[in-house]
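S.K.: Line by line, the protein sequences give chains Z, H and W. Numbering of the first sequence is given in the numbering used here, commencing with residue 174 and proceeding in unit increments. Numbering of the second sequence is given in the numbering used here, commencing with residue 6 and proceeding in unit increments. Numbering of the third sequence is given in the numbering used here, commencing with residue 385 and proceeding in unit increments.
Worth flagging that the hints you see were computed from the coordinates, not collected in a lab. Careful: at least some of the hints might be erroneous.
Said to hold, decoys possible - Now the in silico label distances, taken between C-beta atoms and shown as ranges:
1) Asn551/W <-> Gln774/Z: 27 to 33 Å
2) Leu601/Z <-> Ser89/H: 49 to 55 Å
3) His75/H <-> Pro623/W: 29 to 35 Å
4) Lys137/H <-> Thr716/Z: 28 to 34 Å
Unchecked claim - Within a straight-line C-alpha distance of at most 25 Å, the following computed SDA-like cross-link-like pairs (lysine to any residue) qualify:
5) Lys669/Z <-> Asn157/H
6) Lys213/Z <-> Val224/Z
7) Lys703/Z <-> Ser665/Z
8) Lys666/W <-> Asn710/Z
9) Lys592/W <-> Gly529/W
10) Lys136/H <-> Leu214/Z
11) Lys739/Z <-> Lys136/H
12) Lys130/H <-> Asp308/Z
13) Lys469/Z <-> Ser429/Z
14) Lys227/Z <-> Leu214/Z
15) Lys743/Z <-> Leu131/H
16) Lys352/Z <-> Lys128/H
17) Lys715/Z <-> Gly529/W
Claimed, not checked - Which chain H residues face chain Z? A few, computed with CB under 8 Å, are given here:
18) Ala142
19) Leu145
20) His146
21) Val150
22) Asn157
Beta carbons: idealized from backbone N, C-alpha and C, even for Gly.
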Amino acid sequence: GSDFPDDVLCPELMAERPQEHESLNNIIVVDNLPKVDSVKLEKLKQVISKVYSKFGICRNEYYPLDKDGNTKGYGFFEFQNEQMAIEAVKQTDGYRLDKNHTFSVNLMSDFERLTQVPPESADTGNLLSWLSEPDAVDQFAVQSDEPKKTTIFSNALSGPTILDERNKWTENNFVWSPKGTYLASFHEQGIAFWGGKEFRQVQRFAHRGVNYIDFSPCERYLVTISPRPNNPEAFIVWDVITGTKKRSFPLDQHFSQGPSYFKWSFQDQYFAKQGPDGIYMYDTESFQLVDKKPFKIPSLADFQWSPTDNRLAYWTAEDGNVPARLVLAEVNGTRLDEIRSKTLFNVIDCRLCWQKRGDYLVVKVDRYTKKSGEKNNPKYSGLIYNFEIFHMREKNVPLDTLEVKEIVQSFAIEPAGHKLVVITGENLRTNVTFYKMGQGQKSGKIETLKVMPLAVTTAIWAPNGQYVVLAAMKTGSSSGGQLIFVDTADMSVMTKQEHPDLSDVEWCPTGRYVASSVNLWNAKRDHSFKIWTFQGNMIFEKTVDRLVAFHWRPRPPSLLTEDMVKDVRKNRNVWTPRLDQRDRILRTGESAKQQEQRRKQLDEFQKLKEKNTKRLAIQKQQ
Amino acid sequence: NQRKEILKRRELIERYKEDKEIESKNKLRQLETTSRHQEEVRVKEEEERRKADQARRKAEAALEREKEEHRLNMKIAIDKLRESDIGRRIIELIGEEELYKYDPESLNSLHIDAVIKHSREQKEKLKVQFKKVDFFARALHDAEVPLVKKYNDD
Amino acid sequence: MKPILLQAHERSLTKIRYNREGDLLFSSGKDKIPSVWYSINGERLGSYNGHNGTVWTLDVNWDSTSLVTASADSTVRLWDVQTGRERNVYQLDTPCRVCAFSYDGNRILYTNDDVMGKPCEMYLTDIRASPNEGPSARINISQKGLRKATSGLWGTLDEFIVTGHDNGELVQWDIKAMDEVRKEKPHSAQIMDLQANKDLTFLISSSKDCTAKLFDIETLEHVKTYTTERPVNSAAISPLKDHVILGGGQEAIEVTQTSVQTGKFEARFFHLIFEEEFARVKGHFGPINTIAIHPDGKSYASGGEDGLVRIHYFDNDYLDYDIAY
């Protein structure tokens, strides 16, 4: 499929469509037709007419042409009535004309649903306007099922306020793009992007039956995934700005349900997937395999890109007498060069985890001392847990090993810092241990900062580090719900809070607030979200019946240089009084507004009361 | 005549003697009475002193008992105080011996005051800490906004 | 102040009600025997023996001489308050759900359930007439396409009746015409309770849809909504302050699945006008089924699924409390 037109998009399609407005329901749109020149057009028309004549008389057909007179690969067909059109869609959607052409058929009216926004929205306005809102106010979106409602809030200083709320905005879930520019909505026909001040539609990507999407880290590319069996275009890579299709891939057996199939390098330069015999890496210039062949890595188990360099880490599983290997490699032109590696024995599993700033690569290694059972169904005993820590910023990338004696439940690396928090133990008899990974001269010495015996399952770091929330998520045996707010500057517990049946904890991108939520998958009732300060003070709580998702709107990386940040820090005595004053004004304004509102409500009610009393008096006289 | 004289003198002397004797007898008697009286007073005083002594000892014992009881009560109260962080800090600050001079009630109110003060301080501390983080995020934001605008125009 | 606890009933409470002066508190439950108590100290004065099933509701007339009770044993009974003697029995075909005295105390309103193929009907009876005479009016509610009535009360000057239904509808009936004059559907689930304010100008409905709503009693115009995250079983309007008290919780069958700690068996206080919740009173070990406020507004009582009645006297903090505006 990559010889299909890139521009199957709707504004022009809408402009060129037949003008019988009253009969949109009897027009179908057939996509994935062969692209032919004017000579072959008649032949194509004959073939297609034959396909559709059995559903009734086709009143009208229309094949849009490009400037060279070639068909664009799609066409419109008007039937005498709606029933015929519906039947035609039902029977020929997914119709295989030949090896390369499988029809995608829709009712025009369905198509319009996806494209109901006027074409001038192509002028997207200022997509970054939300980043200039005062007070660095963050936004978040909440999705509830039945009614399918998406609400966008602004987490204003005086408390969250609703910015926008729409029913059936998305048929599935919504996804924020990684820099927060777009809100992506799912539709049977494809994906729509919304953005700008009023959340208008800014882009759309037609991909029938799309279930998952994934973005490149800089938002330049979108991968849509429609995992229908035998779908030759199960994965489509799109250019986000132009909305054009860059490349598509058929379904393969390495796909496991979920959005992450391709892994992207930090600047969108490469995307790679795990293949049967190694890493298949594509570049985003040609969208072809780098060096026209995969990087052969036998027994490849997993790989992960560094978030800040064109480096990746991978590990290969034990195979017969060949032990497992952990490798750090760098992309150099068409080569993948090993920088550092370590051979590991008796490995069951590894988890590769990069720190957000790319300063550390932490690999959790599960090992055994004894192995028994059959080859295909081995049994392990005497499990040992190690962390292999790569110090990426130091010469020759020194490697540390941290041994942990208990079962590791989870771990989390401080995003901008040097701490590692590991939760060990089982069934809520857990310990939370804070380590310092060491830096500079100290590398090679992992320091234990503090052990806290706390019944939690997960640690979630603030985006800028230092503050961490330890949370007990709902598990099979426990409803969980504990939220412990820790300041790792002095290793103090600031607050302990609760949100029973807790299913999710997410920090706002500016690191000032944390949201906890209970969704419909985790609890029968009391679906809600709460917003806490980073210290664990609850500032907002809302019940959302059948809550599906809560997500903060991400922000792009800061445009400020390190020096600029330093300058801001230095000018503390300039902005502190200014912000103090601003808060005072906001507070008085807010309370004045509230008082005004209450006074109004009171007046209205007083009037009603008087009216009723008067009525009663009159009735009594009678 | 002389005899008469002598007799007269003798009589005088006798009388004198008698007088003297009476006087001395009287004196003796008087002395006896006073001494008896004094004895009585003494006994009485003795008795009183004994009684006072007894009362004092009793009072002292009661005081001692009270003191012991107070000490025990205080020990309980202080031990209880020791169970909390703030309580331990109070003990450290004032000194355990010094605390025995308080009574449980005033100790309790001391503790409550400290808790209130601590929570107020804690709140204040959190407020300051929040402001530090919040203001810094906002200040960074304010510095970034022009850059975002420029970036968007480009 | 510590609440007065009445070990009122063996089983869950269905209704509690103060008399006009507030010195007496009447209670009914699923244990068949309604009781009367001194509200001041919780002393039981007596009980009314005769019913053979759950007593769903009760009402006392204005001078506290007569009590009317409606029971699942398909009878409505009239009692002498002081002696506890049964004065009359009104036998129906199916369980009786609603009963209420008119303001003048001469008439009673009662309804029965639509079970065993029988329709839900509403009856009006003059209690001065002999029981052989039958009801003075009878309306077939089911026939009018309405769902079962689950609560009901008399409107201003006994000129109309308002009933709440199990589909969340609110219906107003004209007494002279004996027909419905207004119908609204303010709730999406069963209406559990209807109570009027002191001068019978407003009405508050409680519903399983987790809200209580305030209406103009005569126009049925919706005025305010009080939202919780639990079914609301009962709500009362304070005669003293601009407050309402809501009681509820999840259903009995679900209670066992939730630990008491996470159960929210609290009476909840809302500002009548601002619709904001400002206080909660914990205590019950199960959902609160019925709430009544003392006519002087200085205490309230709640009856729970746990079989207990709790009488709470407000402290000065509450009586002085006002939301700033």
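S.K.: A separate judgement is required for each hint: does it hold in the structure or not?
M.R.: Verification of the supplied hints:
1. Asn551/W <-> Gln774/Z: 27 to 33 Å: At roughly 30 Å between Cβ atoms, Gln774/Z and Asn551/W fall inside 27 to 33 Å, so the hint holds.
2. Leu601/Z <-> Ser89/H: 49 to 55 Å: With Cβ atoms ~26 Å apart, the hint is violated.
3. His75/H <-> Pro623/W: 29 to 35 Å: violated (53 Å)
4. Lys137/H <-> Thr716/Z: 28 to 34 Å: This hint holds: roughly 33 Å between Cβ atoms.
5. Lys669/Z <-> Asn157/H: Given pair Lys669/Z, Asn157/H is violated - Cα atoms ~42 Å apart, limit 25 Å.
6. Lys213/Z <-> Val224/Z: holds (17 Å)
7. Lys703/Z <-> Ser665/Z: holds (23 Å)
8. Lys666/W <-> Asn710/Z: Holds - the C-alpha atoms of Asn710/Z and Lys666/W are around 23 Å apart, at most 25 Å.
9. Lys592/W <-> Gly529/W: holds (21 Å)
10. Lys136/H <-> Leu214/Z: With Cα atoms ~70 Å apart, Lys136/H and Leu214/Z exceed 25 Å; violated.
11. Lys739/Z <-> Lys136/H: With a Cα-Cα distance of about 18 Å, the restraint between Lys739/Z and Lys136/H holds, given a limit of 25 Å.
12. Lys130/H <-> Asp308/Z: holds (22 Å)
13. Lys469/Z <-> Ser429/Z: Given pair Lys469/Z, Ser429/Z holds - Cα atoms ~22 Å apart, limit 25 Å.
14. Lys227/Z <-> Leu214/Z: Satisfied, since the Cα-Cα distance of roughly 21 Å is no more than 25 Å.
15. Lys743/Z <-> Leu131/H: holds (22 Å)
16. Lys352/Z <-> Lys128/H: violated (35 Å)
17. Lys715/Z <-> Gly529/W: violated (38 Å)
18. Ala142: holds (5 Å)
19. Leu145: Holds - the Cβ of Leu145/H comes within 8 Å of chain Z, reaching about 6 Å at its closest.
20. His146: holds (3 Å)
21. Val150: holds (5 Å)
22. Asn157: Hint holds; Asn157/H Cβ to chain Z Cβ min 5 Å, cut 8 Å.
In summary, the structure is inconsistent with hints 2, 3, 5, 10, 16, 17 from the numbered list given earlier, while agreeing with the others.
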